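Produce the complete structure using the sequences and hints provided.
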Amino acid sequence: MPKKPSAGNTRPRALLEKIYKTAKTIRVFESEGIKLYRRGLIRGYFHPYLGQEAIATGACTALKEGDYIASTHRGHGHCIAQGAEIKKMVAELLQKKTGYCKGYGGSMHIADIAKGNLGANGIVGAGTPLGVGAALASQIRGSDAVTVTFTSDGASNNGTFLEGLNLAAIWNLNFILVIENNQYAVSTTIEESTRETELYKRGESLGVPSRRVDGNDPLAVYDAIEDCAKLCREGKGPFLIEAVTYRHTGHHVNDPGSYMPDEKKKYYAERDPVNRARQYLLDMTDLTEAQIAAFDAEIEQEFADAVTFAEASGEVSVEEFKEFLETY
Amino acid sequence: MPKKPSAGNTRPRALLEKIYKTAKTIRVFESEGIKLYRRGLIRGYFHPYLGQEAIATGACTALKEGDYIASTHRGHGHCIAQGAEIKKMVAELLQKKTGYCKGYGGSMHIADIAKGNLGANGIVGAGTPLGVGAALASQIRGSDAVTVTFTSDGASNNGTFLEGLNLAAIWNLNFILVIENNQYAVSTTIEESTRETELYKRGESLGVPSRRVDGNDPLAVYDAIEDCAKLCREGKGPFLIEAVTYRHTGHHVNDPGSYMPDEKKKYYAERDPVNRARQYLLDMTDLTEAQIAAFDAEIEQEFADAVTFAEASGEVSVEEFKEFLETY
Amino acid sequence: MADREIMYRDALREAIDEEMAANAQVFIIGEGIAERGGSYKVTEGLLAKYGKKRVRDTPIAEAGMIGVGVGAAIAGARPIVEILYVDFAMLGMEMIVNQAAKFRLMTGGTGRVPFIMRTQGGTGGGVAAQHSQSLEALFYHIPGLKVVMPSTPYDAKGLLKYALRQDDPVMFLEHKHLYMTKGMVPEGEYVIEFGKADIKREGSDVTLIAWSNMVPRAMAAAAELAKDGISVEVVDPRTLSPLDTGTILASVAKTKRVVIVQEAVRRGGVASDIASIIQEQAFYDLDAPITIVAGLNTPIPFNLELEKASVPQVPDVVAAVRKVLHHDIPMAAE
Amino acid sequence: MADREIMYRDALREAIDEEMAANAQVFIIGEGIAERGGSYKVTEGLLAKYGKKRVRDTPIAEAGMIGVGVGAAIAGARPIVEILYVDFAMLGMEMIVNQAAKFRLMTGGTGRVPFIMRTQGGTGGGVAAQHSQSLEALFYHIPGLKVVMPSTPYDAKGLLKYALRQDDPVMFLEHKHLYMTKGMVPEGEYVIEFGKADIKREGSDVTLIAWSNMVPRAMAAAAELAKDGISVEVVDPRTLSPLDTGTILASVAKTKRVVIVQEAVRRGGVASDIASIIQEQAFYDLDAPITIVAGLNTPIPFNLELEKASVPQVPDVVAAVRKVLHHDIPMAAE
Ligand SMILES: Cc1ncc(C[n+]2csc(CCOP(=O)(O)OP(=O)(O)O)c2C)c(N)n1
Ligand SMILES: Cc1ncc(C[n+]2csc(CCOP(=O)(O)OP(=O)(O)O)c2C)c(N)n1
Ligand SMILES: [Mg+2]
Ligand SMILES: [Mg+2]
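Going line by line, the protein sequences match chains A, B, C and D.
Take the first sequence: its letter number 37 is residue 37 in UniProt numbering, and every next letter is one higher.
Take the second sequence: its letter number 153 is residue 153 in UniProt numbering, and every next letter is one higher.
Take the third sequence: its letter number 219 is residue 219 in UniProt numbering, and every next letter is one higher.
Take the fourth sequence: its letter number 223 is residue 223 in UniProt numbering, and every next letter is one higher.
Think of the hints as simulated: they come from the structure by calculation, not from any bench.
The model shown is predicted, which means the values in this text are computed figures rather than measured ones.
Idealized CB from N, CA, C, for every residue including glycine.
A couple of the hints might just be wrong.
Stated by the list, open to error - Straight-line distance between alpha carbons at most 30 Å, and here's what the computed BS3-like set of lysine-lysine pairs gives:
#, chain 1, residue 1, chain 2, residue 2
1, C, K323, D, K256
2, A, K236, C, K53
3, D, K196, D, K176
To be verified - What follows is a list of derived Cβ distance ranges for each label pair:
#, chain 1, residue 1, chain 2, residue 2, range
4, A, E191, B, K64, 29 to 35 Å
5, B, E192, A, E191, 34 to 40 Å
6, D, A21, B, K265, 58 to 64 Å
7, B, P261, A, Y259, 32 to 38 Å
What the hints assert, rightly or not - Where chain D lies over chain C, by a calculated footprint (3+ residues, C-beta under 8 Å):
#, stretch
8, 30 to 37
9, 81 to 92
10, 123 to 133
11, 312 to 322
Printed below as a string of structure tokens:
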């Protein structure tokens with residue numbers, strides 16, 4: 001499945017740099033976030049995006065300002081790729097008033113409406129109709145904005161998949177459904193969940209042009225979304241992209257993932273999306289290892305600063321909460 | 001689309017007779033029922049099955065005792081084909097205590113559990129998971145019973161379609177989903193409801209063997225269901241059959257169906273399922289027109305007797321109702 | 001400008017029409033609402049006026065329609081999603097309860113969801129158990145949802161216009177029996193704010209609280225009781241959430257006796273909640289227990305007589321008022 | 001046979017295990033319940049014992065799972081459908097409300113639906129707005145559904161066993177905080193009939209009604225109040241539908257004062273309904289308004305302190321009891 005970048009040595013450095021930095025930022029956010037979780041600083045669910053960075057990175061990088069995304073319970077990566085401020089994300093995880101949702105939402109509900117991110121979601125599958133709705137709003141107001149909903153193999157067995165995508169299709173919306181097929185829903189394998197594991201076929205059966213891409217290759221995802229987004233803006237939407245990938249960890253921080261076979265982990269580790277983004281930089285630009293190491297350091301520093309910021313922040317008080325509720 | 005019976009002149013007379021009588025009984029029930037409705041004897045919704053008789057008839061005739069069906073809001077035909085007593089059906093429509101549901105249910109809720117009919121349903125799409133449930137119950141108790149859910153083009157855009165059929169597929173249930181594609185949901189055409197009007201493809205996208213048949217040909221439906229039911233009993237279920245058809249009337253008794261183009265009505269009238277069943281009798285058996293006319297007379301008499309029976313029946317009293325509610 | 005007598009369904013149409021004309025973000029989707037003008041003709045003519053982009057027919061996909069409406073609202077549009085029967089809204093409960101109602105809080109107040117679900121409930125015409133429910137209590141219990149139940153053309157128009165201008169998800173619950181009822185509606189522009197009960201009839205002996213299709217029944221009961229010199233105050237909350245407890249408590253302070261009538265089943269209904277509030281906040285005002293006249297604890301039967309027996313009729317309301325009026329302090333009481 | 005102290009989750013497992021052993025029609029489906037033994041380990045070991053036919057993992061398809069369960073029940077099986085969070089049951093509301101609850105009436109009593117949905121609700125652990133709801137009121141309002149909310153291992157086992165032997169759809173609502181709590185459970189066979197409240201602590205000054213995870217808090221409050229000589233009777237209805245009004249009214253007749261505590265939001269909750277019943281049926285027994293201690297009118301926030309503030313804590317219950325006890329008849333009252 002891993003393939004060479006589609007167009008040889010021809011990508012602009014700015015693009016490759018952005019892709020690398022985004023993927024790496026997600027990697028750092030998740031790895032360091034897990035440490036914060038283990039230190040007891042984060043409560044609730046934490047579903048790491050480790051291993052799937054290519055998808056959010058490739059997809060969001062291909063979008064324009066004004067476009068929308070709708071995300072999942074595994075939403076940190078999408079949020080970062082869509083341009084969120086790391087410190088506001090960390091503050092949210094730490095339940096602080098300076099967080100994206102003032103600590104009301106947490107990991108599963110971070111939204112960044114200013115950036116067009118309609119939010120993570122605690123309900124598997126919900127992002128599909130929500131994203132279609134954003135695409136519908138765009139069409140009604142005559143905007144050519146595109147909406148990408150990130151969804152999952154598990155969600156493709158849920159009724160929201162059929163209903164949402166079918167509505168997008170009959171209305172020719174600027175909508176792209178990205179199925180992140182990481183081959184598991186918690187510990188349930190995709191083979192146990194459906195007979196037809198080529199999920200993109202479900203899109204075809206609704207008359208939606210659909211295809212599979214290597215979900216560990218940020219450029220493959222970028223190309224697919226760029227292509228679909230362009231076609232959307234020409235009135236040819238919607239599209240479905242199935243991006244095949246694999247988690248590096250268990251389902252959430254407390255899941256050891258013992259059901260994940262070593263060979264598969266190894267196979268995908270060899271196709272690590274962050275490494276791949278890095279290799280693209282080395283292969284296609286003049287950037288040196290040292291320069292990339294400097295990027296890394298910057299990214300790590302940004303995260304460290306975010307933690308400092310978040311820890312120094314206060315929480316919404318019960319009084320403020322009750323005051324807010326008076327208008328609820 | 002209309003095709004000759006698959007196997008020439010080789011069908012047993014008993015089968016053809018049963019098919020004709022069933023289709024004709026449905027035809028009479030609906031035509032006469034509409035008259036009762038117009039006379040004000042029936043309240044609520046009445047969705048005639050006129051024009052679709054081949055489907056219920058062909059399908060239920062192919063089933064065995066102990067098999068289940070789940071039906072729709074357009075459910076009289078399924079109920080009759082599954083062996084219901086006409087008088088209890090008429091009594092139900094007339095709100096009488098002697099009806100299948102003692103007058104509590106009405107047209108949209110007639111069930112005949114003894115005959116394996118899990119009931120009509122006022123919620124479009126609900127029959128799919130319900131039927132899958134019956135198939136699951138059968139599998140768990142080691143029975144080889146088959147369940148047929150009759151569903152509709154409209155319902156195929158509802159989440160229940162995906163969720164129900166997918167569960168049947170992963171569990172290899174003895175389940176057959178029959179989509180009665182009459183090309184409308186009320187006045188909304190199938191082309192307005194979906195881009196891919198070949199609905200059977202949705203089954204394929206879930207790994208379920210699926211095909212289209214002529215829904216106006218009772219033998220084509222019979223053959224398809226007999227075949228699928230046999231394969232189900234060999235552990236090869238589930239299956240999906242899309243039966244293409246057309247209503248003779250509007251959506252319900254009070255819908256003039258003015259949106260239905262004359263050419264289409266004419267096309268399907270020429271392929272009238274009851275006529276077709278009748279022609280099979282004439283072509284493949286020794287039965288004479290006169291003998292068939294005698295069947296018709298019998299069927300009409302049965303309906304007339306049913307009306308007499310129903311009209312003479314009493315209603316559940318408010319006191320009896322309240323007593324029943326004490327256990328509810 | 002003059003008042004005219006128009007039907008409830010026309011009042012609703014005017015509200016949608018005026019707000020669509022005023023705000024390009026307003027649009028409407030539903031089954032058979034465009035070409036066919038809707039099952040109750042509320043949307044008739046809107047397609048011709050506003051075009052296919054803003055007036056759309058949908059497939060039978062209630063969860064999807066509601067979800068799409070919620071998503072469009074989050075993205076800044078003002079969708080109206082028409083669901084044919086409130087019973088079918090159960091298919092979209094997830095989107096209503098977990099998404100629409102919670103988004104504002106979950107985003108710390110930054111996200112808003114100006115989503116309107118228009119639908120209708122109640123008994124009528126023998127449409128049986130799956131097309132006759134009164135489910136307002138389900139929405140009423142969910143923080144973040146506004147629940148609106150107009151009983152007259154005037155209220156219907158004013159409340160729907162207001163709904164289309166505020167920023168929270170609204171369950172706009174009409175009644176199948178009311179669409180063809182008539183009432184006076186001004187020609188000119190007006191809106192009715194949420195949380196303002198309307199005293200549909202003033203009175204001094206008993207407070208009779210009713211909403212939606214129970215208001216005409218309450219009014220009929222009040223008229224009948226007036227013949228016996230009993231003065232009934234009919235309070236129509238119009239919006240259940242927010243609930244105008246001020247007006248209710250003021251009326252109770254005056255009458256000391258309360259009957260609440262709802263078409264929904266008694267158990268766990270909104271009437272119980274209103275009763276619980278009154279007894280908690282006006283305990284010493286009450287001269288008799290608050291009486292609830294409500295639907296029986298049953299799905300609605302198809303049979304006409306049983307259907308009627310399942311929901312409050314005028315004589316039931318009359319009897320309940322007489323009962324609370326003639327309520328005597330039992331001998332054995334302290 | 002002796003009693004043992006076991007956990008709530010173990011009691012649930014024993015109930016399922018024993019009933020699966022006794023009745024081949026009983027089966028269970030859910031997400032991760034087979035191989036993984038369930039998120040709360042309730043179903044651990046059942047796959048090995050009863051095999052893949054009767055213990056099945058499902059895809060993420062709550063509407064489908066619930067629908068399939070209802071269909072299987074109609075066809076005579078006894079399905080248990082485990083839904084991970086009650087919040088997700090909203091996806092299957094149509095099947096619960098329109099199919100499971102109504103089938104018996106719609107068929108004139110001939111059809112039965114012995115369908116059990118096991119799920120869990122309530123706050124705990126920062127799982128935020130879409131994983132923390134207490135939604136019993138939604139099911140309570142629907143005629144035809146039984147609503148069961150056990151607070152102890154003993155009740156959990158006895159009620160679940162009973163549920164698996166009766167013939168109506170049951171919403172079996174567990175609490176995420178209770179799974180690892182312990183209690184005495186006999187070794188031997190027993191069932192607990194629906195509609196029998198349990199007096200968890202006898203007392204004479206105030207009736208404190210609580211269910212599910214509010215029972216331990218009510219007990220803690222009662223213990224604290226006892227230190228001040230206040231005698232609190234804690235009544236746990238155990239099943240909300242059917243509701244044992246007899247036991248409740250008998251307690252009220254004795255104490256004359258009532259506090260009801262629920263984790264769910266105040267508005268439109270079951271507590272309101274119970275209050276409305278008590279005030280209607282025991283008006284002259286009451287020496288003070290019935291006080292409800294309930295969740296705030298809000299989706300549950302992620303932040304720990306705000307989460308805690310959103311639902312009743314022991315001090316809230318203590319304060320409410322003191323309030324109804326020291327309730328003085330206001331000077332101005334008649
Ligand atoms: C409707 C719903 N059902 C169940 C869950 C519990 N749950 C959270 S994540 C998850 C697995 C999701 O698998 P998939 O959709 O493939 O996404 P992934 O976790 O692999 O990214 C489950 C079952 C949920 N959040 N929402
Ligand atoms: C969930 C749901 N939505 C809407 C309706 C209202 N309704 C009743 S029949 C119908 C059209 C159904 O079309 P289709 O599914 O194709 O079946 P047909 O009437 O053609 O047999 C609609 C919209 C319903 N009963 N249930
Ligand atoms: Mg997955
Ligand atoms: Mg159709």
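Which hint numbers doesn't this structure obey? The structure breaks hints 7, 8 and 11; every other hint is satisfied.
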